[in-house]
Amino acid sequence: MIQTKRMEAFGTSIFTEIKKMKEDYIAQTGNDVIDFSIGSPNIPPASFIIDEIKEKMDDAENWKYAITDMDEMKEAIEEWYAQRYHVDLEYNEMLCVSGSQQALSILPMSVCDPGDIVLVPDPYYPIFSDGPKIAGADVHYMPLLEENDYLIQFDKIDEEIARKAKMMIVSYPNNPTCATAPDSFYKELIQFAKKYDIIVLHDNAYSELVFDGKEGKSFLSYPGAKEVGIELNSFSKTFGMAGARLGVVVGNHEVVQAFDTLKSNMDYGIFKPIQYGAIKALKEGKENIKETCLAYQKRRDTLVKAFNEAGWNVPSSPATMFMWAKIPDNYVDSMTFTKDLLNKAGVVVTPGQAFGQQGNRYVRIALVQDEQAIYEASKRLKEANIF
13 MIQTKRMEAF GTSIFTEIKK MKEDYIAQTG NDVIDFSIGS PNIPPASFII
63 DEIKEKMDDA ENWKYAITDM DEMKEAIEEW YAQRYHVDLE YNEMLCVSGS
113 QQALSILPMS VCDPGDIVLV PDPYYPIFSD GPKIAGADVH YMPLLEENDY
163 LIQFDKIDEE IARKAKMMIV SYPNNPTCAT APDSFYKELI QFAKKYDIIV
213 LHDNAYSELV FDGKEGKSFL SYPGAKEVGI ELNSFSKTFG MAGARLGVVV
263 GNHEVVQAFD TLKSNMDYGI FKPIQYGAIK ALKEGKENIK ETCLAYQKRR
313 DTLVKAFNEA GWNVPSSPAT MFMWAKIPDN YVDSMTFTKD LLNKAGVVVT
363 PGQAFGQQGN RYVRIALVQD EQAIYEASKR LKEANIF
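Heads up: the sequence shown runs through residues 13 to 399, numbered per the numbering used here.
There could be a bad hint or two in this list.
As the list claims (entries may be wrong) - SDA-like mimics (lysine to any residue), calculated; alpha carbons at most 25 Å apart, straight line:
1. K66 - T348
2. K34 - E383
3. K356 - A396
4. K394 - D352
5. K394 - Y37
6. K302 - E91
7. K226 - E303
8. K34 - T348
9. K207 - V123
10. K145 - S122
11. K298 - E87
12. K145 - I26
No lab work stands behind these hints, which were simulated from the structure alone.
From just these sequences and the hints, can you work out the full model?
Following this line, the structure appears as structure tokens:
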């Protein structure tokens with residue numbers, strides 16, 4: 013088999029492995045599974061967003077290449093950031109992408125040379141680590157520990173590493189740990205980035221899924237942020253448009269323009285009907301965001317109560333569409349526990365070790381099942397007597 017040296021850094025996706033595990037379980041037992049593994053939102057977009065996309069698809073002009081972002085799209089992003097986050101954006105500080113995943117996978121190539129150091133949190137969403145590796149950069153991990161509320165400890169980063177680092181990836185609310193960050197964290201982050209001349213890439217995919225009446229923020233709303241970095245935002249979690257593949261890169265114009273130059277040589281713009289749907293979402297979707305957030309919060313509360321009654325002490329997440337839960341002490345690692353949970357209870361989660369070394373004693377539970385399924389899962393947990 014032909015394979016480049018670059019590919020030696022990559023293995024099979026954990027979600028591909030889980031899919032195979034599920035298929036084997038169903039084939040061998042004939043039982044169904046309750047799947048909490050993949051964070052694919054099952055709350056669809058508001059009907060007015062879908063109707064807008066349908067209507068624009070009837071216009072033959074919209075089936076032509078969208079070479080660049082529509083002016084109306086950038087205007088809507090500018091208005092959204094000004095109203096929602098109190099952040100002023102210029103035209104050259106915004107760029108649409110085919111989902112945050114695209115930006116995270118190819119943006120590092122526009123700012124990092126092979127051998128450059130990229131600072132990545134651990135645990136991490138897999139593409140945080142894979143994107144820099146695709147660019148040939150070296151990844152240095154920053155442990156996110158429960159005793160530190162899963163916040164990066166800047167004073168623990170080796171000074172020599174910090175001096176050599178070209179970029180650092182940060183994400184709060186955090187996937188997979190569900191942690192949020194206080195104002196003091198962002199102020200320290202900006203000071204650290206300025207001191208060592210590091211580009212900050214802040215993934216803000218879950219800013220609209222913050223619970224208990226609290227409000228998510230933007231990295232760019234803090235003084236000096238634009239001088240050191242950019243932010244990614246997503247329509248997937250906020251508006252339920254995951255399959256439409258749409259995100260935005262905003263912030264430092266030099267980084268945005270470098271990425272735009274690279275991207276323009278790799279693909280075209282976003283399908284225009286999707287852009288029109290996104291414009292509608294940004295302009296009219298405020299109430300729907302609240303409803304979506306409350307729906308996930310209700311699932312969170314149901315899962316915490318039901319799973320705790322089954323013997324699994326799952327902490328209540330402050331944000332995101334996930335739960336981050338410890339595995340029982342008698343299991344050697346999270347993959348072993350995940351397999352046992354599937355085989356004994358027909359319940360599927362994602363092993364924390366798929367998110368890095370610091371996730372070895374945890375699993376991630378996605379809030380993608382309704383309350384009835386959550387109660388059924390807790391019933392199975394009790395019967396399996398795992399805890």
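The hints, checked one at a time:
1. K66 - T348: violated (45 Å)
2. K34 - E383: Status holds; Cα separation ~21 Å.
3. K356 - A396: holds (6 Å)
4. K394 - D352: holds (14 Å)
5. K394 - Y37: holds (20 Å)
6. K302 - E91: Satisfied, since the Cα-Cα distance of roughly 19 Å is no more than 25 Å.
7. K226 - E303: holds (14 Å)
8. K34 - T348: OK: K34 and T348 at ~15 Å, within 25 Å.
9. K207 - V123: Holds, because 18 Å separates the two Cα atoms, which is no more than 25 Å.
10. K145 - S122: holds (13 Å)
11. K298 - E87: holds (17 Å)
12. K145 - I26: Judged against 25 Å, a Cα distance of about 17 Å means the pair holds.
Checked against the numbered hints given earlier, the structure breaks only hint 1 and satisfies all the rest.
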